[in-house]
Amino acid sequence: MPDRRSPARRLRPVLLLAPLVVLPLLLDSFSLYQATMILIYVTAIIGLDIVFGRAGVLSVAQAVFIGIGAYTAAWMSRTTAVSIGVELIVAAVIAGLAAILVGLPALRVSGLRLAILTFAFVELFQWVVTTFASVTGGTQGLLVNPGGFGTITTADPLVGYGLAAVIALLATWLVIRLQRNPIGRSMAAVKNSNLLAESAGVSTVRTKLTAFMLSGMLGGLAGVVLAHVSGSVTPAGFTVFSSLNLLVALILGGTGRVHGAWLGAAYVVLMPELFARLGIPNAYPIVNGAVLMLLLVVMPGGIASVLDRIRDRVRRRGDPPSPLLTSVPGRSPS
Amino acid sequence: MPRRDRRLTGFTVTAASLMLLATGCGVQRDEAGGTAASAAPSTCDTKEESPGVTESEIKLGVTSGLSGPSASAAKPALDGQQWYFDKINAEGGIQGRKIKLTVLDDQYQPNVALQNVRRLVDQENVFAITGGVGTQNFVGGLPYINQSKIPAVAPYAPSNQIGTMQNPYVYMLWTNFSDEFEALTRFLIEKRNVKSFSILAMNGDVGDDALAGAKKVLDAAGMEFKTVVRSEPNTTDYRPIAEQLKQAGADYVLFLATPPDVGNAITAMHKIGYKPGIGAQSDMLDSGWIEAFGSVAQGLVAPSKLANLEKSDDPKVKQFVADWTSAHGGKAPTSWNTVGYVQALVTAEALKQAEALTRSCFEASLQKMTDFETGVIPAITFGPQERQGVRAAGIEGIKDTGTVTEQPFTAIGN
Amino acid sequence: MSELSLLIGGAATGGVYALLLAGILVIYQVSKAVNFGHGQFGMIAAFFSWYLYQQLGLNPVVAILLSVLTAVVVAVLFDALVLQRTSDRQVGSDLVATLGLLLLATAIAESVLGGRTQSYLTLGSRTVFDLGGLALNLSDLVTITVALLSVLGLSIVRRRTRVGAMLNAVAENRAVAESLGIPSARVRVATWALAAILASVAGILVASRTSVDAYYMTPFAMKAFIAGILGGLNRFGLPLAFAFGLGIYESFVVYLLGAQAVTPAVFTLIIVVLAFAPRSYLSEGREARA
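Residue numbers (our numbering), protein chains in the order written: chain B, 1 to 334; chain D, 335 to 748; chain C, 749 to 1038.
Simulated from the structure, these hints should not be mistaken for laboratory data.
All of these numbers come straight from a predicted model, not from anything done at the bench.
Where a beta carbon is used, it is the ideal one built from N, C-alpha and C, also for glycine.
Check the hints yourself; a few may be wrong.
As the list claims (entries may be wrong) - According to the in silico footprint, chain B covers these stretches of chain C (three or more CB under 8 Å from chain B):
1. 849-862
2. 884-891
3. 1004-1014
Said to hold, decoys possible - Taking beta-carbon pairs under 8 Å as the criterion, some of the chain D residues facing chain B (in silico):
4. G360
5. V361
6. N445
7. D456
8. Q457
9. Q470
10. P477
11. Y478
12. D539
Chain B on its own, in the form it takes in the complex (with noise of 0.2 Å):
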């Protein structure tokens, strides 16, 4: 993103955030909940970002830390009558430290084993949260009560709807922080190769693990906002399944763009939608997969390059075109 900054430029965040504002008045309740859905998506959804779109570091644990956010919220609102700021903050720790934890095997082995063992700890979790039920409420879960501030609580959807969209604006205001920081160039080093990344004296092992932690922060704040919208947790959301459903998301919005997750989050609560107006709601688990297998070939950069392309095309300035996060130098025969 070049640095000059126009006039218009710089009236481009208001541009984009009066529908954020503005909608809410125009939809109806169910549609409300939609949208909260999206923003709640984005948030998680660019927690993911960070470790597999920047550093680029597989992980099918997302589920897990949204979670432990959800887990957490819903634990403190029956157990105690502290705002939903505590809530965030403790569920954002307590996120972040798992997510630190499932990164640790980074200490000993590279992205394809962690990889896999990601997959692991998303078997853990739900052992854990199946086999504690006394405290979990086991496989039916537990009921969630409103959480606000004071009087003001999520029972009303709107409140619901500003804490999503406050929480997906500031993640996506720290992964814009992060993309022109030291530690988001590391990131990207370290997603390029591990070698070279170690030898210009960027830490591997940090680095991945600080993505690790941004990304349970992002999720466990994302499943807070979750647990007090829908009004229940069960183990059924914090599936493996449920982790590749954001990976598809964040793959067809594109990796590594801002904009990548906001598109990926608008498509996995919209599609659904679609294809329940059109009466065929099972098809969609199918086109899923052949969606995410289609794209890998036709679309790599996913929707959001698409959309750079037709902006640089339409700009035409003669300047470059930034070059982007994702795409990598060929693989080097080993």
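We have chain B; now place chains D and C onto it with these hints.
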């Protein structure tokens, strides 16, 4: 800390302190949704405005696991509901109105079910929710059922939370696993004179329920389990479980696990030459399961929620089977068809008896339902403080490719 | 006696892990991709053969041959049409593509079966010999034998034959292998076909021992991956030994501590290996991506 990290740190600190600022005050809730929602009104308000009822139709909603792992049960159950409502509509409808079903598939996913309940309430404006199959999905939709106070009738969602005043808008017909195992164990002790039991129960709350139900009866009889084995879903090897049960050597082994796990565990016991009597939850009476595992499960006994359709002498059962068979080109109803039929039957009955077509009158009508006989399930009684309409079960045994009645419907518990 | 019985049962389960893992390893070494959808090749073979003999009334032998062929075709097509076209463009896309395969195969089987579980040809799994209190099961012996023979056969092929040499060469360095005139594309097709056959054998053996549904192979594939992590994906003998060992380990954990102890016990094993194995043991020998 290196300078380069400062901006990010600054961001984190700002965000955290913003949140902390907002955390100064706690939260005040007007209802404790986790413990008990306010009790449903039992007084009928005929003037109340209720959605989903027009001069010509009554809109009802269904959310059910029509695709995914529960599809093989949910689809035929939906057929059962649809068939009965069609039949009623053909006969002139209820209170001069036709029933219109809005059906949504939740894929057995709690989050999708929640979305569906919201859609049924907020977009489709249905009058009530009827039927549906699957516990984990239905539980996902529960918070919004409680919040929007929409009555939900007879979901097939056996659970210890549903059918209690904890969820006062849900009117439950189906016995939970605790009751099932109480009935099963009592039958085995009193009628079969069984002297020793082991049990294999799924790890988690559902298994705990079954265990508690069976233990209650054993305690009363001064008996103990020879061994209690817990199973996990995704088991790759049933041998060690079978070995544990074999070592304990009980005359009867009770099972509460997913139907394929039960089938696989019994197969593993046979492989090592251990063939005790088997009791299990009612799911094993499904014809699909008997087809898959009948060869190792001859003589298996299970509590039954439904009458034996083939062999029952009850005129109501005979009538249903005859009507269904003639409407389906000679195909007899399956147990899931029957589940759907009963779901629709109870919803329709409550609508018929409602003083006016408002939600409060519909609920009052349900709460007045006393010893309502359907023939295919035990008599149904709800009350102002009673949401579990049925607390009785029969016992059926697997014989060849079908089942035989070992004990007719009998009340459970005190 | 029950210890011996547990050992045999555990080894049979471990044999299934090994059959799956052998395919995962050859694919990884030649195509540089971890196939998350690998278990579903076995599911396809078992499920499709069930469909052919049970629903269409085909001869079971013909049905099994046809369905193994189908699994092979699916595997080869997946590699040619999806994986080969993605692997160089984006980090981790190979893993993601195989996840797509997992999702798609599961969803299709689920929509056909409706989540229902089906019993499969018993193939000797109900035939029991009683040797003085020790119940020996034909299917266990068959599974262990098939798994051992496949693993041994594979390692002989790799070490002693021309095909094996070509396979090793492509696995070591594709560019150099090609410059030596080795048809790397054909070698790649062969490895996918071989892996699909091994997975099919595993899938059919498991189906005959238990039952078929859309998901039944996923826990087996999961365990095969764990054995792969423990033993190293760039090796061959050691991870396969871990596969057998994992089956036996689980068997004894369930017997001694209960089924609910398996997940934490397997985790403990992973942590112990990762924490105490020397770094040279854990290195992949090449920079792995994902």
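Going through the hints against the structure:
With 10 residues carrying a beta carbon less than 8 Å from a beta carbon of chain B, the segment 849-862 of chain C meets the three-residue requirement, and the given coverage holds. With 0 residues carrying a beta carbon less than 8 Å from a beta carbon of chain B, the segment 884-891 of chain C misses the three-residue requirement, and the given coverage is violated. Figure legend: the segment 1004-1014 of chain C, annotated as covered by chain B; annotation consistent (4 residues with Cβ-Cβ distances under 8 Å, at least 3 required). With a cut of 8 Å, the hint placing D:G360 at the interface with chain B holds, because the nearest CB-to-CB distance is about 4 Å.
Hint status for D:V361: holds, given a least beta-carbon distance of 5 Å to chain B, under 8 Å. With a least beta-carbon distance of about 5 Å to chain B, the hint placing D:N445 at the interface is held under the 8 Å criterion. Against a cut-off of 8 Å between C-beta atoms, the interface hint on D:D456 holds, since the closest Cβ of chain B lies about 4 Å away. Because the smallest distance between the Cβ of D:Q457 and any Cβ of chain B comes to about 5 Å, under 8 Å, the interface hint for this residue holds.
Taking 8 Å as the C-beta cut-off, the interface hint given for D:Q470 holds, the closest approach to chain B being about 5 Å. About 3 Å separates the beta-carbon of D:P477 from the nearest beta-carbon of chain B, less than 8 Å, and the hint is met. Checking D:Y478 against chain B: minimum C-beta separation of about 6 Å stays under 8 Å; hint holds. Evaluation of the D:D539 hint against chain B yields a held restraint, the C-beta minimum of about 3 Å falling below 8 Å.
Checked against the numbered hints above, the structure breaks only hint 2 and satisfies the rest.
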